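Student: In case you want the letters, here they are:
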Amino acid sequence: MNFLDDLVRAMPTLGFVTLGVVILVAAWMVGRVRRITHAAFFMVLAFTGVAGVFILLGADFLGVTQVLVYVGAIAVMFLFAIMVSDLKELSDHPAGRLPEAVGAPPVSGTGQPPARVAWVVLAGMVALGFAGLVLAALWRAGLPVVAVPAASGPPTTAPLGEALFTTFLVPFEVASVVLLAALVGAVVIAAREESGKGAGS
Amino acid sequence: MIDLSYAIVLGVLLFAVGLYGALRSSNAVRVLMCIELMLNAVNILLVAFARLNPAGAVAGQVFAIFVMAVAAAEAAVGLAIVLQIVRQRGVAEIDKFTLLKG
Chain A
5 MNFLDDLVRA MPTLGFVTLG VVILVAAWMV GRVRRITHAA FFMVLAFTGV
55 AGVFILLGAD FLGVTQVLVY VGAIAVMFLF AIMVSDLKEL SDHPAGRLPE
105 AVGAPPVSGT GQPPARVAWV VLAGMVALGF AGLVLAALWR AGLPVVAVPA
155 ASGPPTTAPL GEALFTTFLV PFEVASVVLL AALVGAVVIA AREESGKGAG
205 S
Chain B
10 MIDLSYAIVL GVLLFAVGLY GALRSSNAVR VLMCIELMLN AVNILLVAFA
60 RLNPAGAVAG QVFAIFVMAV AAAEAAVGLA IVLQIVRQRG VAEIDKFTLL
110 KG
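One line per chain: the protein sequences are A and B, in this order.
Adding 4 to a residue's 1-based position in the first sequence gives its number in this note's numbering.
Adding 9 to a residue's 1-based position in the second sequence gives its number in this note's numbering.
Please keep in mind that the hints were generated in silico from the structure rather than gathered at the bench.
Nothing here was measured: the structure is a model prediction, and the numbers come from that model.
There's no promise every hint is true.
To give an idea of the interface, some chain B residues facing chain A are shown, with a C-beta separation under 8 Å as derived from the structure [stated by the list, open to error]:
hint : residue
1    : I11
2    : S14
3    : I17
4    : L23
5    : S34
6    : N36
7    : I53
8    : N62
9    : G65
10   : A73
11   : A78
12   : V86
13   : A89
14   : V91
Pulled from the structure, derived: some chain B residues nowhere near chain A, Cβ distances all over 10 Å [said to hold, decoys possible]:
hint : residue
15   : F106
16   : T107
17   : L108
18   : L109
19   : K110
Using N, Cα and C, we set each Cβ at its ideal position, and we do this for glycine too.
Isolated chain A (complex conformation) (with noise of 0.2 Å):
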């Protein structure tokens, strides 16, 4: 019985680690799957997994909002653009596609320049000493080791949508514009090409 009330009372950091694991596996897929819709598929996990944080945080209109945004829109919207564009191969590996890369000879069995893993061992390099950094400071700041009750209380919407009609009205209306303007915009960049090629040819 004991052990069944600690492993109640420990469920959530459970389930937050298990979270945590699958969106950095994930996240880390997405950049090295080679098919772009297989990276997109898994930019939809980690999205999903991001959701199920904003939860256990006790963010959960924002947990809806992330599925509904993310995965129910943006994701969906970078398949379509793959789609759409019809490149087969959108693959981060094009040796042998390009002309220039047919005649170059392959180095050290990975195919690609040397530049390339040069440019790919730098990146690491960036992105590990920004993690470092960030994790250094905050550990000399004292990270705060808060328990915080996991998704409990009250539901968020009803405090939220008071913030966003009294406090914060100004910048949630900027915010409708912006979005309208994209929406404009992007339909204005990509529906170019038929009416430019047919007045230019």
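Given the coordinates of chain A, work out where chain B should sit on it, guided by the hints.
Tutor: Frame of chain A, contents of chain B only:
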């Protein structure tokens, strides 16, 4: 009960993984995906730090909502631009996007 430091470490690590992916990829669509992951990491940190102050929890979540709105706008415009370049040049490698180079 959840230790908030877990959430903060997760946010920092997710940001670093997204940064690594965005820097190492040569595909423009993949770079945009990794930028979305980095914005997600920022949202996690916003929510986690907002939980430190019980009175400010709502403000942090409102900021996260604004970040989501800007991320959606950025993804829409960015994907439209990438789509247009891919249509005109036939490649999605950002090294080949040299339209402004003259």
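Student: Let's test the interface hint: is any C-beta of chain A closer than 8 Å to that of A89 (chain B)?
Tutor: 4 Å, holds
Student: Can you verify the interface hint for I17 (chain B): is its Cβ closer than 8 Å to any Cβ in chain A?
Tutor: Given a least distance of 7 Å, the restraint on I17 (chain B) holds.
Student: Does the interface hint hold: is L23 (chain B) within less than 8 Å of chain A, judged Cβ to Cβ?
Tutor: Since chain A brings a Cβ to about 6 Å from L23 (chain B), closer than 8 Å, the hint holds.
Student: Let's test the interface hint: is any C-beta of chain A closer than 8 Å to that of S34 (chain B)?
Tutor: Given a least distance of 6 Å, the restraint on S34 (chain B) holds.
Student: Please settle this one: F106 (chain B) was flagged as non-interface, so is its CB more than 10 Å from every CB on chain A?
Tutor: Consistent with the label, F106 (chain B) stays out of reach of chain A, its closest Cβ about 14 Å off (over 10 Å).
Student: Using the nearest Cβ pair, does I11 (chain B) come within less than 8 Å of chain A?
Tutor: 5 Å, holds
Student: Check the non-interface label on L109 (chain B): least C-beta distance to chain A beyond 10 Å or not.
Tutor: 16 Å, holds
Student: With chain A as the partner, please determine if V86 (chain B) meets the hint condition of a C-beta pair closer than 8 Å.
Tutor: 5 Å, holds
Student: Checking hints one by one. Is N62 (chain B) an interface residue toward chain A, by the C-beta closer than 8 Å rule?
Tutor: Cβ of N62 (chain B) sits 10 Å from chain A, so the hint is violated.
Student: Grab the minimum C-beta distance from V91 (chain B) to chain A and call the hint holds if it beats 8 Å, violated otherwise.
Tutor: Status holds, d = 7 Å.
Student: Does A73 (chain B) meet its interface restraint, that is, does its C-beta lie within less than 8 Å of any C-beta in chain A?
Tutor: 6 Å, holds
Student: Is the shortest C-beta separation between N36 (chain B) and chain A less than 8 Å?
Tutor: 5 Å, holds
The earlier numbered hints that this structure contradicts are 8 and 9.
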